[in-house]
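Participant: Chain residues, written in single-letter form:
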Amino acid sequence: MLSRLVIVSGNALKGSGLLGAGLVQASRSLHTSSQSLAPVPPLPKEGGKVRHGIFPEEIFQFLYPKTGVTGPYMLGTGLIVYLLSKELYVINQETIYAASILSIIIYGVKKYGSSVAAFADKLNEEKMAKAQAVKDASVTGLIQAIENEKKEQWRVEGRSMLFDAKRNNVAMLLEINYRERLHMVTNEVKRRLDYQVALQDLHRRMEQEHMVNWVEKSVIGSLTPQQEKESIAKCISDLKTLAKTTQAKVVA
Amino acid sequence: MAGRRVALKAVDWLAFAERVPPNQKSMFNALKTRSDSIAAKLNSLPQTPAAIDWSFYRSAVAKAGMVEEFENKFKALQVPEPIDTQSSAINAQETEANVGALAYIENSKARIAQYEKELEKFNNMIPFDQMTIEDLNNTFPETKLDKVKYPYWPHKPISDL
Numbered sequence: 049m050l051s052r053l054v055i056v057s058g059n060a061l062k063g064s065g066l067l068g069a070g071l072v073q074a075s076r077s078l079h080t081s082s083q084s085l086a087p088v089p090p091l092p093k094e095g096g097k098v099r100h101g102i103f104p105e106e107i108f109q110f111l112y113p114k115t116g117v118t119g120p121y122m123l124g125t126g127l128i129v130y131l132l133s134k135e136l137y138v139i140n141q142e143t144i145y146a147a148s149i150l151s152i153i154i155y156g157v158k159k160y161g162s163s164v165a166a167f168a169d170k171l172n173e174e175k176m177a178k179a180q181a182v183k184d185a186s187v188t189g190l191i192q193a194i195e196n197e198k199k200e201q202w203r204v205e206g207r208s209m210l211f212d213a214k215r216n217n218v219a220m221l222l223e224i225n226y227r228e229r230l231h232m233v234t235n236e237v238k239r240r241l242d243y244q245v246a247l248q249d250l251h252r253r254m255e256q257e258h259m260v261n262w263v264e265k266s267v268i269g270s271l272t273p274q275q276e277k278e279s280i281a282k283c284i285s286d287l288k289t290l291a292k293t294t295q296a297k298v299v300a
Numbered sequence: 101m102a103g104r105r106v107a108l109k110a111v112d113w114l115a116f117a118e119r120v121p122p123n124q125k126s127m128f129n130a131l132k133t134r135s136d137s138i139a140a141k142l143n144s145l146p147q148t149p150a151a152i153d154w155s156f157y158r159s160a161v162a163k164a165g166m167v168e169e170f171e172n173k174f175k176a177l178q179v180p181e182p183i184d185t186q187s188s189a190i191n192a193q194e195t196e197a198n199v200g201a202l203a204y205i206e207n208s209k210a211r212i213a214q215y216e217k218e219l220e221k222f223n224n225m226i227p228f229d230q231m232t233i234e235d236l237n238n239t240f241p242e243t244k245l246d247k248v249k250y251p252y253w254p255h256k257p258i259s260d261l
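Chains A and B supply the protein sequences, listed in that same order. Under my numbering, the letters of the first sequence match residues 49 to 300, in that order. Under my numbering, the letters of the second sequence match residues 101 to 261, in that order.
Hints are supplied without guarantee of correctness; some may be wrong.
Stated by the list, open to error - 20 Å max Cα-Cα, derived PhoX-like pairs, lysine-lysine: (1) A/K170 <-> A/K93; (2) A/K198 <-> B/K209; (3) A/K288 <-> A/K277; (4) B/K221 <-> A/K183; (5) B/K217 <-> A/K198; (6) A/K198 <-> A/K214.
Simulated from the structure, these hints should not be mistaken for laboratory data.
Take these sequences, add in the hints, and give me the full structure.
Facilitator: Right under this line is the structure:
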């Protein structure tokens, strides 16, 4: 499989079409500075095409121009026949073992290969997804952190407002104090003036009351007993005449 | 006794509130309440006190010369303006805050640069599914195993596992 990879990647690097394996390897320039700095091409997702489960397609393509389409099969058959006839390969009991083991292996691969591959792929994908999630989380975290920092900077710019507000408060407090002083002075002066006015009013009222009392007292003191008797008699006669007139009115 | 205009710089409280960080909200609210109460008190006080009706008192008070004396003394009286002792303190506080804020902004910019560097590293790195172990170790040096210091598996202290 790895040799195939070399062939495939060699083809990709050369950018030419189909080339033989040997030719690619001979012409591929490894360990040059430009290539060693170049990014590694991503690994192929699928394996290359094979015939009969083991022989790479490239071998057939390589032999076709020389031998035609039956050439590779002829080569293989000829190779096996040669090995057998010269007894380079001797068929003995080991061959039977090998054949049975091989068939068991092939059966196992055919039966369980795909599910094992899927399980392995799943493990790999889970690992990748976890790594990717960590990466995404840290990227969003970093972006968020940058935004937060910028917002904090913007907030710091607003500190002048705080000091404006403080200065305003001080100025307003001073003004309040000043106005309170003005009001206090005015009110105190006004109160004293009001007191003077009220004091005058009080004096005048006391004087009036005193005058009234004094006049009453002197009038009552000047009355004689003779005058009193006369006035009572006058009152009684007045009452009598009043009673008569009212009686006459009721009768009439 | 002419009224004095206060040079007030208008504060946009809404914009201010937006800029306050959440952990200083209560302090901001306290400041706002205090400022509002001060402003309300200032508005409740008229700029000049009600003028005294001198002619009325002159006719009402019989004692000669008393009202004139009051008036003259009242007009001659100069109400002292309260001395501002806090502005200098506030200015000092502001310069101090400016120094602190500039330092903070510098630090913040440094932090942003660092974050951006890390972000760039994340954005420019090879996708995980195309990485080799060497790429991973280059991108995240903390994943590299120190096989000289810890020659046996897992090649790092057991406590770090």
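Participant: Checked against the structure, which of the hints given earlier come out wrong?
Facilitator: Violated hint (a single one): 6; every other hint is consistent with the structure.
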